[in-house]
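Whenever a hint applies, use it, and build me the whole structure from the sequences.
For the record, the sequence lines run as chains C and S.
First residue of the first sequence: 0, per numbering that gives the first Met the number 0; consecutive thereafter.
First residue of the second sequence: 0, per numbering that gives the first Met the number 0; consecutive thereafter.
Keep in mind the hints are simulated off the structure, nothing from the lab.
Wrong hints could be hidden among the right ones.
Identical chains blur together in the list; that is why a pair holds if it fits in one copy or across any two.
Claimed, not checked - Taking lysine to aspartate or glutamate and the DMTMM-like style, the derived pairs with C-alpha atoms no more than 25 Å apart in a straight line are:
1. K135 <-> E7
2. K132 <-> E26
3. K59 <-> E129
4. K13 <-> E26
5. K59 <-> E21
6. K13 <-> E29
7. K50 <-> D133
8. K132 <-> E171
9. K59 <-> D195
10. K201 <-> E129
11. K50 <-> D20
12. K228 <-> D209
13. K132 <-> E164
14. K228 <-> D185
15. K13 <-> E212
There are 2 protein chains.
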Amino acid sequence: MINNPVIETMLNRKSIRSYTDEMPSDEVIETIVRAGQQAPFASQLGSLLLKRDREGNPFKAPLFFILCVDSYKWERIMARRNWTMMGDDLLLMLLGMQDVALMAENMVIAAESLEMGSCFLGGIPFHAEEIIKDFKLPPRVFPMVGLTIGYPANDHPPRPRYPIEFVLFEDEYPQLDDELVQHSMDVMDEGYLAQDYYLDLKAMIALQGDREETFTYDTYSWTEHICRKWGQNLFPPNLLQQFERCGFDLIGKYREEE
Amino acid sequence: MINNPVIETMLNRKSIRSYTDEMPSDEVIETIVRAGQQAPFASQLGSLLLKRDREGNPFKAPLFFILCVDSYKWERIMARRNWTMMGDDLLLMLLGMQDVALMAENMVIAAESLEMGSCFLGGIPFHAEEIIKDFKLPPRVFPMVGLTIGYPANDHPPRPRYPIEFVLFEDEYPQLDDELVQHSMDVMDEGYLAQDYYLDLKAMIALQGDREETFTYDTYSWTEHICRKWGQNLFPPNLLQQFERCGFDLIGKYREEE
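Take a look at the structure:
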């Protein structure tokens with residue numbers, strides 16, 4: 000591993016869910032946003048909604064951004080050039096979500112370099128209706144993810160990650176034998192347990208149906224937690240309708256073809 | 000604007016499409032990948048395919064990564080814990096594409112900090128069939144985006160971005176009057192023209208249908224270029240089928256509901 004201040008900043012990043020009262024200055028906000036903007040893009044489809052409202056924001060963070068895939072402002076530009084959107088909305092989302100996430104990660108790293116912490120909120124699209132109302136969003140703006148930023152009120156080590164051999168595959172996708180899968184699980188589970196992560200957050204997800212609980216906070220860790228997220232019906236079932244609510248028809252073109 | 004080595008690295012990044020012969024060391028590759036892994040995630044759904052093949056890679060880059068949303072390896076973990084995937088594939092993609100893009104941006108910035116350059120290739124999903132064959136991908140792995148990395152053979156200034164008032168909206172989405180839209184267009188177009196960007200790349204997109212060409216490289220710039228991408232049928236029409244080819248049914252659950 001090579002180290003330098005940039006790599007070090009990235010390796011040191013962790014999600015922060017507790018913030019001090021200090022409100023970042025306008026200059027800090029401008030710096031974070033400008034760093035975000037300079038990320039690569041396909042079509043510069045990102046827009047940022049911001050609330051500086053410690054009491055109302057998630058985790059009482061001083062800054063709460065909602066990062067949006069914004070085709071509205073782009074289509075305003077198209078109209079001024081006498082063009083109309085022909086691309087299908089699925090493609091628009093594939094590229095637009097990347098535009099937004101690339102920008103988001105620069106913001107995260109910029110914040111970290113300014114001694115701040117951040118945390119993503121992934122459930123934002125399921126709140127589309129209230130966000131549209133609250134921020135007076137025009138159609139064709141999709142609120143993709145939330146991001147809290149502020150000065151951290153606590154500190155902890157970075158969280159564990161899969162071993163690199165479970166992530167980087169050269170020339171061909173390997174067989175992934177059970178031993179490697181189990182080793183990757185162990186690295187994650189032992190790493191989170193060593194940090195008392197789920198115990199501190201009291202974050203154990205309840206079992207649905209007639210599965211019997213066999214875990215305690217001594218054994219409950221990352222793989223079990225994420226299994227309970229993806230193996231149960233935790234999210235609202237209407238994601239496609241959230242896109243529709245924001246004026247995007249992801250499957251329109253394909254429906255016509257059937 | 001505040002400056003520090005991290006912010007400076009992000010503000011200095013630009014897409015590099017021409018590379019020297021130098022092959023990055025294993026240690027450099029490991030550093031870039033580890034920095035990528037430490038990005039935030041919802042479910043750690045990213046996998047990286049790598050080719051070190053200067054002759055075969057796009058732009059003859061020494062490193063070519065294909066960044067994938069990988070539910071295959073995650074579902075191997077679920078199976079070992081006696082779970083099966085219940086989440087719908089649209090949600091999986093919404094969160095998985097963010098996992099991958101956040102990782103990708105850390106890789107871009109890590110590379111930049113190591114004096115390297117990079118460039119994304121957005122059309123990768125349309126080549127799913129050949130990538131599956133070439134890399135022997137199992138089902139449930141979606142090749143989302145390509146990323147070339149290497150030591151730059153040329154240099155140029157960072158590219159322009161929208162003015163911040165066209166990106167950051169506090170408390171509510173503004174009216175975006177024509178003046179601001181036009182100003183944002185001018186900033187982009189004049190910025191790219193000043194760098195001879197499209198002239199150097201010989202990248203003017205031909206007009207389809209009976210639109211008459213009125214642009215030369217003296218006037219053709221960013222907004223016209225992106226309008227021609229989104230306003231014409233340039234991409235293959237079968238994106239949904241590319242997901243299906245990789246074993247993802249984005250609209251299955253919703254089709255049943257109709």
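Hint by hint, here is what the structure shows:
1. K135 <-> E7: Answer is neither; intra-copy 40 Å and inter-copy 35 Å both fail.
2. K132 <-> E26: Neither: 29 Å inside a chain and 50 Å across chains, both beyond 25 Å.
3. K59 <-> E129: Answer is within: at 19 Å inside a copy they meet the 25 Å cutoff, but 48 Å across does not.
4. K13 <-> E26: Classified as both; 23 Å inside a copy, 24 Å across copies.
5. K59 <-> E21: Within one copy only: 11 Å inside, 48 Å across.
6. K13 <-> E29: Close inside one copy (22 Å) and across copies (20 Å); limit 25 Å.
7. K50 <-> D133: Classified as within: same-chain Cα gap 11 Å, cross-chain 47 Å, threshold 25 Å.
8. K132 <-> E171: between (48 Å within a copy, 9 Å between copies)
9. K59 <-> D195: Cα proximity of K59 and D195: one copy only (23 Å, versus 47 Å across).
10. K201 <-> E129: neither (28 Å within a copy, 46 Å between copies)
11. K50 <-> D20: within (15 Å within a copy, 48 Å between copies)
12. K228 <-> D209: within (16 Å within a copy, 52 Å between copies)
13. K132 <-> E164: The answer is between: 21 Å across copies meets 25 Å, while 46 Å in one copy does not.
14. K228 <-> D185: within (19 Å within a copy, 46 Å between copies)
15. K13 <-> E212: Classified as neither: same-chain Cα gap 30 Å, cross-chain 51 Å, threshold 25 Å.
The structure is inconsistent with the numbered hints 1, 2, 10, 15, although it conforms to all the rest.
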